Structure formats: C-alpha cells, structure tokens
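Trainee: Spelled out, the chains give:
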Amino acid sequence: MTPRYLGKRILRNEDARLLTGRALFVDDVQLPGMLHVAFVRSNYAHGRLRSVDVSTARQRHGVLAVFTAADLGDYWRPGPLLVPPPPIPDLVFHQCTQVPLVRDKVRHVGEPIAMIVAESRYVAEDAMEDVLVDIEPLEAVVDLEAALDPAAPLIHEHLTSNVAAHVVQRKGEYERARAQADLVIRRRFLYDRGAAAAIENRAVVASWDARAEELTIWDTTQAPIPIRNGLAQMLHLLESQVTVIAPFVGGGFGPKIMMFYPEEVLVPWASKRLGVPLKWTEDRQENFLATTQERGQIHDAEIAFSREGRVLGVRDVFLHDSGAYDSYGLTIPINSQCTLLGPYDIADYESEFTAVFTNKTLVTPVRGAGRQHGVFVIERLLDIGARSLGIDRVEIRKRNLIGPDRFPHNHGIMFQDSAPLVYDSGNYLPAVEEAARIVDYDRFVREEQPQLRKAGRHVGIGVTCYVEGTGIGPYEGARVTVEPSGEVRVATGVGTQGQGHFTALAQVVAEVLGVDVEKVRVVTGDTRAFHWGTGTFASRGAVVAGTACHAAATAVREKILDLAARMLDVPKDRLVLSGGRVQVGDSGATGQAIELGALAVEANPLRGAVQPGSEPGLEATAYFGPDRGSTASGVHAMVVEVDPETSMVEIKRYIVVHDCGRLINPLIVEGQIQGGVAHGIGNAFYEQLVYDQQGQLLNASFMDYLLPTAADVPRVEMAHLETPSPFNPVGLKGVGEAGCIPTGALFAQAVEDALADYEIEICEIPLSPNKLHELIAKSDVRK
Amino acid sequence: MLLSDFLRQTLGLTGTHVGCEHGVCGACTILLDGEAARSCLMFAVQAHGHEVTTVEGLSPENAGELHPLQAAFRQSHALQCGFCTPGILMTLVALLRDHPDPSEREIRETLSGNLCRCTGYQNIVDAVKLACDATLPR
Amino acid sequence: MKPPTFEYYRPTTLEEALDLLAQHGDQAKPLAGGQSLIPAMNFRLARPAVLVDINHISELSHIRAEAGELSVGGLTRQRDVERSAIVRRLAPLLHEAMPFIAHLAIRNRGTVGGSLAHADPAAELPAVALALGARVRARSRTRDRWIRSEEFFAGLFSTSLNPDELLVEMAVPRLPERSGCAFEEVSRRHGDYALAGSAAVVTLDAQGRCAHARVVLLSVGDRPVVAEQVGRILNGEVPSAASIEAAVQAAASQDIDPPTDIHASSEYRRHLAAVLTRRALGRAFARASEILQ
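Protein chains in written order, with the numbering used here: chain W, -3 to 779; chain C, 224 to 361; chain P, 443 to 735.
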C-alpha cells in the first residue's frame, strides 16, 4: 500500500504554539513563592580551595540561603559515570566524574563553589559578590601534550598521570599494509574545541510538595527519564515520587543530555530542603564555562596507498581532550576512531588514543560527537594522497568505496554502544556520483575553474564522504491510545529539542492507524506520561522511538480490527482503517463504518466484564531496542571563493546527498541537515573556544564566540537516497548530526583547492581568516 | 530590571526569550514604538510611556489565526526548536513593514542580527519571501 | 548576567541632565542608546551608581544641513543617520559606513554621540568622524566647547570629555569640490566589529593632483588612527597605482602598531590595513575623478 503520511512533507503540529510564544520552555515556568538561584564559580582553572566565606552573603537582604560543599552532607558525592566504556581488550579508563560543589580542588574555570538562593536573580548575583573565595592557584594543565609530561601537575591527584583513558583498536595488520605500500603519507591534524551553543541556555525549576511528598522538576534535558531515575535514587525517593518534565527545549545539540550537572542535582535538593520552589536559569557566560563542550583532538595519522590510489591501511594515534572530568566515558574518541573508516574499504587499520584530563570544561558529545574528527583525518589523507598520486579527488574516493554487495559490513572493531562496528546497509557510489553531478564537478574542474583562475579569481571545489553510526540502543518505548474523541495520544520518553517529534512520531502512528496527522497528539519528555526509555541523542530519537511508536500503533491497530470485526460481524481482513474510521472494504463514506472514537468508547465498557485475555481500551505499549545502530551516510560538496588578500571565504554552493534510510518527513530531514551544515560551517571557520595558558576561556560571549549568521550560511542544495535499514521495520536511520560531520574536511579541501597556486595544506580545524592568512603568508610559492 | 525580565516575569509574557543578555543573539527582540530593539539592552523603566509589541501581539490568542509571517514560517519549516523564533519574527515584521519586497541579500543582512542554531536560516529566508508573495496583490 | 543596582534619572531638558551630571560627577553615566553600556552592566564590567537617561531630551536629536557643515545631534539614532538623505548628500562616507555598525536592532537604539563617546577603536563612527575632520560639541553646566576629533579620542575607550560633560552634537564639515571618499572594512561576520578598516577621504585639485588625502584606520590601535603617511606621500601627486601603493605601504609600516587578539594577529591586521587602504584610496580617487570629469 502506498504510504499516506510516511515520507510526506507534512507541516509540523508543534509550530503554532512556538510561533505565537505560547510554547512552554523551562524558564517560562513561574510558581507561587518561587525563589531564584545563582552559583558562585571558580575564577581559576586549577587551584586548591582554601576557604569559602558566605557569612556576608547570608546576611544580605533578600537572600534565603547559601550552600557550600560542607552544607551538602552525604548528598555530596561525585556524579554518575554516564556511559561505561565498551568492553575493548586492554582498555584503560580512570573514572573521575564531576562533583556538585567544589570541596577541595577546582579543576576548571566556572566550576560551582557555592549556591545562592534569593528572591530574585538580581539579588542572588549581588550576593555572589559578597562571597569570599580563597583559592591557592596551581599551574593549569591546558595543552594536551604538556598534560602528559611527567612533570605536569596532576589534576586528579590520586592518579599517577593526567591520562584519563587509553584504547587501542585494530583490524588486520597495519604494518603489513605499510610494507606493501607505494606511498605512505603522514600528517598531524588538529581539531580544536567548540561550543554547542543552543540559543536556550540550561534551566532547572524544582518544586517539592511536602504534603504530597512529590518532587516536580522542569529541566532543559534531552533525557528526562534517566534524570528522574537518578535524582530519585540520590534523594532517596521512589521513582514515582519524582516527575521530570522536559517541555519545549530550545536546542540540545548534545550537552543537554542526562549529564547530572551540578545545578541539575542541587536545585531539586535545595527545593526539598527549603520547601520552596526554586529556579536556576543559566546565563550565557555560565553556558560558556559550565555547559559541556566538545572537540580538542590531535591526530598523528599515517596512510598507506597503492600506486592506483587504493588505501591499504591507516594508522592513527591521537590525543583526546577530556576536560576536567570524564563523566561521559569514551563515546567521543571511540566515535572518532570508528568514523574514520567512513565508507571506505580499509583492510588494515590501527587506532590508538589517549584521553587526557585538562583544566578545561568537561567534554561530552556535541552534534557529531567526535565523528567529524575521524572524517577530517581520513578525508584529508585522501586529498593529500590524491595530490601526490596525481589522481582526481573524486576518483580516489570512488576507488575505495565499500561495494553495495558487502553489507552488513563488519569492521571487526567495537563501536561506542558496546556492539561491534557493523554497517547495516549502504550504497555509496551512487551518492558520490549524484553529488558530483549536482555540483557539476567535471565541468567545474575542466572549464569553469581554469577560466576563473585566469581572471585572477580563487575558486575551489571539494567533495567529501562520511558514514554515521546512528540510532543506537538501548531502547525506547511508546504508548499509543485512541481517545473517545477519536484523537490518538502517543506518549514516549524521549525529549524534544526541535526535531519535530510531535509531527514525525505522529506520522508513524497516523500511517498505521489511518488517522490524520493533526489528530495524533504526541506527549514527550514528561515522565508522568511515559517513564521507560533513555533520551534524544546520537541521532536516535526518530529511529528508536519512531520504531517503538510503530510497534505500539500496530498493536493498537490489531485491537481496533478485532473489536470492529466483532461489532460489524465481518472478517478482519475486509476492514480498512482510513480517515479516523474503520470501514468495510472499499465501500467509501456510505458503507458500513465505525468511527475510532466510538470504538474507543466501546472498548472501555461501563457495563459487562472485560473478556479474559483482553484489555480495556484501544491502547498498547511497545518497546524497541535495536541490537545495533543503523548506518546513515552521505556526500557533501562545496564551491568556495577565497579572497587571498583578506583571507575571507565565501561559500558559493553547498550540496548534500544524503542517505538516512526511509524518510519519515523530508521537510524535517532537510531542516536537520541544513542546521547541521550551518553548525559544521561554524566549526570549520567561525567557532573556536580559545583558552589561554592559565585555562581562562578568552571568548566566553556571543561577541567573541562566533556563531555563523544568515549572511555566512549558504543555501544547501539537497538530494536524498533511501537505503532502508534492515534493523527496524520502517527502515529508519538517524539524521540529527549528519549535516555537520564532513563539513570541516570539506571546507579544508575546497579552500585548499581555491588557493591551489599557493600550495597550502590545511591540517587544522577550525580555520579562521587569521590562520588562513598565516598559511598564505608562509607560502613561498606565489610571492 | 531589564525590559526582557519585566516582560517575562512581571507581565508573564514569556514569548519573548532571553538567550545572551548582551544584545547579540536577538532572541529577545521586540518592537519599541514599532522599531526592532533588544529588550535585554533596555531597562524596563525606559519603556515607560512607549509602545512595546511582543510576539504575543502578532496574533492575539483568541483570534485563532496566525500572522501572515507566522503562517509562512510554518509553511516553510522555518523553525525547529522555536526558541529564537519570536525575536526573529519581530525583527522581520519590522523589515517587511519598511521593505515589503526585500531581496534575499536584504533579508539575510537583516536576519544576521539574530542567531539561530537549528535551521541554517535558509527556510527562514524562504518564509520571508513566501510572506511577501502572500501579501502582494494577485 | 544581571546589572547591579543604580539610581535612575530621566531629565527632559538638557539643563536638567547637565545639572545631574554635575551633581553626581564620575558616579554618573549618561544613558543614551545603551547598546554598549547595558551589556557591560549585565556583565558587571560597568557599574555606574547613577544613570542619567538622556533619551527624552528631544533637542539632542536632529540631522541638519547648516552653513558649511552637517550637524548631527548627540542623541540621533544611528538608524536615522543611515536613512537620512541629508547625510547621504553631505557626508557620503558617513552614509556608507553606517550599515557596517552592528545590526538593525542595535542601530535603532544606538546613538551617534554614544558611539563617539564610547570610543571603541574598532568602531566605525569614531573613525569616520576623524576621517571627515568632524568636531564634537561638549556641554556641561558651566561650559560649552567644541572639540576637534583629533583631540577627542584619547585612548582605549577614552575621550577628552569630562565626567560632567555631555556630547550634544557632531559637526561634519562639507567636503570641497572634487572630493571622493570610501569606507572599507573586514569583519569576521556581517555586523561584527572590524578586524581592520580604512576610511579614506581625498580631494583633487583642478589639475587632477591630490590636494588632500586623509585615511583613518580602525581596529589597529587604541583609538582610530590617522595614517599620516598617506597625506605626506600623496598630497601634491597625481594619484597612480604606484603612488597609492607607496602611501599604503608607508602607512601600514609606519603609522600603526596593531594589537593582537583572538581574532587577528598584529601582522594580519597590518596586512589588512594595507589591503583595505589600497581599496579605499582606489575607490575614493575614482569617485573624486568622476566628479572632476
């Protein structure tokens, strides 16, 4: 049957609320008697906390309470390890998770030291200035390589070095490949830190109801259920006594995951202790210091080629910046390690990384979650190899792609979800060809570029590939209920931060039940409505929750058909669900039919008994837990023009050919990709968190940390290929992170090509006009 | 008290969002006497005697209809998380009043004063064009 | 990021405002557009005890063509300057530079006097004022004086205004016949402060020689910098690629000592100053000679 709703460009159910300013975000929550929280934070990156004097602050008019680590009693304890490292042989991992308030040692600027509760945020900030913090500064550990110097100061003094983890993964035997190679290239690649920079900062509102003994928390989290479960445990409450609501969340991009941030743990505790509702809303400065960040890797990589440009093997040794604590385990460096392989058939691969503690803000996944680092390394190596071998850049990629007949493709190494790295499906060559066709690669390189170069213009083109592991477990669930009104209610546990779950999940259910998408009301991110599941991250929301919705809707469909068949006295296989009704055959509007709402009433009888083996209501709950993730892939292409005098770059065209399996809603998918590309362009050229040698962040504002604007981001031309995932019945793959993964590599390739007459080599991202200028100025080719 | 806090906390008009409190992100943009302004860069007391329009004023709740620009935003999928959207709407409403048929370059230059992390801006540009088409006489 | 507490006054006449400034001395700050002061207060980097809100002193807001010069009130919104036909006619350089200032919503509030008095070395208005040889009028309860822009900018975020003085007006002289000007700037993103910028004003004599050339560079020092070498080399010369290049190189190497920050090194800024001055002078001379023909 042709789908009615799946794969259609259906307008979003949630838009009207958001457009009119009626949607509830956490900072919009106002409760009677609510007080406001601010945190006194460390000004030093590394130091011993000698004392905290809060006596003056406590005296200030309008201040209700001030807490330090000493006031927390046995509530003070290091936070949970959020993702345990996968079972990789000989893996070393030193667990050092973040603490709620500093007790003895500060390890990054912005680490919270004291918590102030006052009648307004204004008064709380005044009181922050009353707190006397005495810190004995220690030498800050900032540089990754210096951190490993035996003489470096120790960030966690119970360890013998600043090594957080060490992991080696191998497939085949790189030395063998190297021995057979016609060309070996070795380079060092840098990829520096960036911020997620959701426009909504974090916020937590907590309200303890002493009579009901219930705690309600509104939290800008991507994962409300794990937060509820964790807080219940920490506060010695039943899970049912704690409600966590993630209402509309103003962008996630990773750091709003179940971090158990100090603020997230302390605001509920203080509300319970003081018996008043409390609100803490992060400001932008705090967001730069206290919300987790990403990137920061140094790769020493080597690639072995045959004369024909076949990649025989790759060895990559890299350092990964963990920041001050490693609460999120090894997801990012393992993503880098696994994603390096891309769509390419690389027989021999050896990858070793050392994760390093530094006196900087914690590093956890941000859109892409380390995948872009691996892609940057392999794509740059291919470009450099292509140039050395005199092979076209698109051609060298085509020669190394995994063929369509080789799926599922097991790489024989471990992915971040503790399952082997297996590509479920893929078809890469058509994507490369389609991207080259759209950007008109051959003609550009043969005709347009030489002409423009003759006219003195510096235009360049690039084409890069990537593969993205998406839609990982453990699982999500959904409950689908037909209401007596005929509307369908869907409850699921994932939070939503703009991905259109209110529409995409509704489409999945609408398709199965034959109701209009607007008639499907999705409730998400509220533990009262559904309390099993994990959250929205790793490009998994639509894949895993979507499949659970599909399963639950399918079960409801069976109930509908069973009941309708009984009532209409016709066999089930003659019934059709359409337009919110069950009808017999194709009898159309005039035929025998029952509205779903009427059936729902019938299924919940006021008289008579529910038959043994059946349940009341048209409702079902189902879960989906994929054994392993599904593999999305894509090819990005770009045309740029560089002004070598000013080092400013203009993106002329940007093309994305993308395969995320079966599309639920192309409108939403395209939006996700466009946003990802913008994020990737930011990472490539605009955004970089700059720390000085004292571990001070030098650009902790939107004045100096540069998000790309509408004047910087180009129009994205897009094409979709659909290679359905065999791992779920709908064939879905994730898409949330795709847009930003190959962008840095692409930017480097295209800019390098534009400046071909300077023969520069770009081995560092983010780039900036200043860095580009240095490369151009250093070039002795065109002087 | 900042005007942004006054609108949100005192008046309960929480449609105006706060993203940076230093005038860069544009989420808190409102109309002050009809001109786009950052409500985080004004004190509430300064608004005394002036007309302030927030996103809530674009489509009165009981009217049930979206402003043409809001409708175009929905039609073009010009919002994702929706947090920056109210400020962007207010900025663009002022643009369209002064320039009923702006070029893509004009739209992008005006829009460059508002940060959006979700959309990549393209659909917002398209929404503005769509809103222009919709309001032009046919 | 909430501002500290302050006393707030809202005078409606200039006299009242000047009284308040005199009364509170360096405790007080005039609040005009607030587009730099309020963010600084939100970061608690500025904490004036007293704010004198001058936004309701209507006499401070005007754009007028006067004998020989353009007069712009201190409280005039940047957006009004941008849209003004008078400014476009009498001070095309000012008109050209306006869209580079931040973004529309900022220009709607930001004022001419506020930007000049803030004296950010990377800002456009101070550089343009200096390039055009503008004067500013400072009023206090006891004094009314005109300050040449050369004497006005005193250092990083610092001017020769006294705490009790208010910048009430900027006067821009009309350019002589056969003049041309151009503004060039490179910033990381549209609307950001310049990494470097160059404002050029040139006048040709009847024979096509350069009678007067003046270039002011922004974001290359602690204040807008007059590139003295440009006038020294070009005045009296027929402008040519070679003479412009000589002036550009001399200016970039001798007139400036640019700072390094996270966005641009000193060397890059110096390089940009040369590139942008070359472009600005090229366009300015082209415009002047168009008029000549």
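Since the hints were derived computationally from the structure, they do not count as laboratory data. Check each hint, because a few of them may be wrong.
The following label-pair restraints were derived from C-beta to C-beta distances [what the hints assert, rightly or not]:
(1) Glu619(P) - Asp639(W): 47 to 53 angstroms
(2) Asp512(W) - Ala488(P): 31 to 37 angstroms
(3) Pro323(C) - Ser384(W): 53 to 59 angstroms
Listing some non-contacts, in silico: residues in chain C with all C-beta distances to chain W over 10 angstroms [stated by the list, open to error]:
(4) Asp228
(5) Glu244
(6) Gly272
(7) Val275
(8) Glu279
(9) Leu319
(10) Arg320
(11) Leu353
(12) Cys355
Calculated lysine-lysine pairs in the DSS-like style (CA-CA distance at most 27 angstroms, straight line) [stated by the list, open to error]:
(13) Lys394(W) - Lys167(W)
(14) Lys167(W) - Lys450(W)
(15) Lys648(W) - Lys394(W)
(16) Lys352(C) - Lys648(W)
(17) Lys4(W) - Lys352(C)
(18) Lys774(W) - Lys450(W)
These numbers were taken from a predicted model, which means no experiment stands behind them. Idealized CB from N, CA, C, for every residue including glycine.
Trainee: Is the hinted pair lysine 774(W) and lysine 450(W) satisfied, with a Cα-Cα distance of at most 27 angstroms?
Mentor: holds, 23 angstroms
Trainee: For the pair we were handed, lysine 648(W) and lysine 394(W), check the Cα-Cα distance against 27 angstroms.
Mentor: holds, 25 angstroms
Trainee: Beyond 10 angstroms from chain W, beta-carbon-wise, is arginine 320(C)?
Mentor: holds, 18 angstroms
Trainee: Is leucine 319(C) truly not at the interface, in the sense that its beta carbon sits beyond 10 angstroms from all beta carbons of chain W?
Mentor: For leucine 319(C), whose nearest Cβ neighbour in chain W is about 15 angstroms away, the distance exceeds 10 angstroms, so it holds.
Trainee: Should the label of cysteine 355(C) as a non-interface residue stand, given a Cβ cut-off of 10 angstroms to chain W?
Mentor: The assertion about cysteine 355(C) holds, with a minimum of 16 angstroms to chain W.
Trainee: Does the no-contact call for aspartate 228(C) survive, Cβ to all of chain W over 10 angstroms?
Mentor: The assertion about aspartate 228(C) is violated, with a minimum of 8 angstroms to chain W.
Trainee: Just to be sure I understand the hint, the distance between the Cβ atoms of proline 323(C) and serine 384(W) should be within 53 to 59 angstroms; is that true here?
Mentor: holds, 56 angstroms
Trainee: Is lysine 167(W) within 27 angstroms of lysine 450(W), Cα to Cα?
Mentor: Judged against 27 angstroms, a Cα distance of about 47 angstroms means the pair is violated.
Trainee: Say whether it holds or is violated: leucine 353(C) keeps its Cβ farther than 10 angstroms from all Cβ of chain W.
Mentor: holds, 13 angstroms
Trainee: Is the nearest Cβ of chain W still more than 10 angstroms from the Cβ of glycine 272(C)?
Mentor: holds, 24 angstroms
Trainee: Any Cβ of chain W at or closer than 10 angstroms to valine 275(C), or is the non-interface label fine?
Mentor: Fine: 14 angstroms to the nearest Cβ keeps valine 275(C) off the interface.
Trainee: Check the hint pairing lysine 4(W) with lysine 352(C) against an upper bound of 27 angstroms on the C-alpha distance.
Mentor: holds, 23 angstroms
Consistency note: the structure conflicts with the earlier hints numbered 1, 2, 4, 5, 8, 14.
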